[in-house]
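J.: Line by line, the protein sequences are chains E and U.
Position in the first sequence counted from 1, then plus 1074, gives you our numbering.
Position in the second sequence counted from 1, then plus 41, gives you our numbering.
Hints were generated in silico from the structure; no laboratory data involved.
This list has only true hints and no planted wrong ones.
Which residues of chain E face chain U? A few of them, derived with a C-beta cut under 8 Å, are:
(1) Pro1117
(2) Leu1119
(3) Asp1130
(4) Leu1165
(5) Thr1178
(6) Glu1183
Facing chain E, from chain U, some residues (calculated, C-beta under 8 Å):
(7) Tyr73
(8) Gln83
(9) Gly84
(10) Leu87
(11) Thr92
(12) Phe131
(13) Leu143
(14) Gly146
(15) Arg147
(16) Gly148
We put the CB at the ideal spot given by N, CA and C, even for glycine.
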Amino acid sequence: EAGVAQSPRYKIIEKRQSVAFWCNPISGHATLYWYQQILGQGPKLLIQFQNNGVVDDSQLPKDRFSAERLKGVDSTLKIQPAKLEDSAVYLCASSQPGTASGNTIYFGEGSWLTVV
Amino acid sequence: AQSVTQLGSHVSVSEGALVLLRCNYSSSVPPYLFWYVQYPNQGLQLLLKYTTGATLVKGINGFEAEFKKSETSFHLTKPSAHMSDAAEYFCAVSRGSTLGRLYFGRGTQLTVWP
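Given only the sequences and the hints, what does the whole structure look like? Please build it.
T.: So, in structure tokens, the structure goes:
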């Protein structure tokens, strides 16, 4: 079974530029998450989707971050304009509640962003 | 509210020695608890999880953890460290049956010396 796919793996941009990250969850997983992991810290949830609806975006800096999950499958996270403090790993994850593995969240390998 | 405290940002052990990584949590509801491992330049891989039932949980790569409600702890152990165990380990908690966001600790970097 294919895991959570993310792209690009690495991105370097200048501050005030924009960037977009793409995620394809595990097939059939209704719940999709974007986490931000700053160096030296644990991941922090940015946004959670259930199918194509937002469940929790309370920690998403909405003045510069946006995310969508059209059609309830893959998702895009955008940052515009980027700030230096946005340098982090952006982890996409997915889960499928109601199944044997439903209480497990599976993570992708992450998209590493450096803002200079 | 849910939160996790991992005691010790860095732990060093010799190969073959006991590994003990500490995790304490706070939760307003019965928690689900997880340990994830992160190797350099990779994402998070689930080591083990506690949801309900047996409080001693066995995971992959010889790791296990014990849920102690009275101590609000979920420490990770491995009897004998291997060089390949060197990585960063994250403890996380979620709101029990309403699985949603995971609340992570700051992580513990494990170094294994030959």
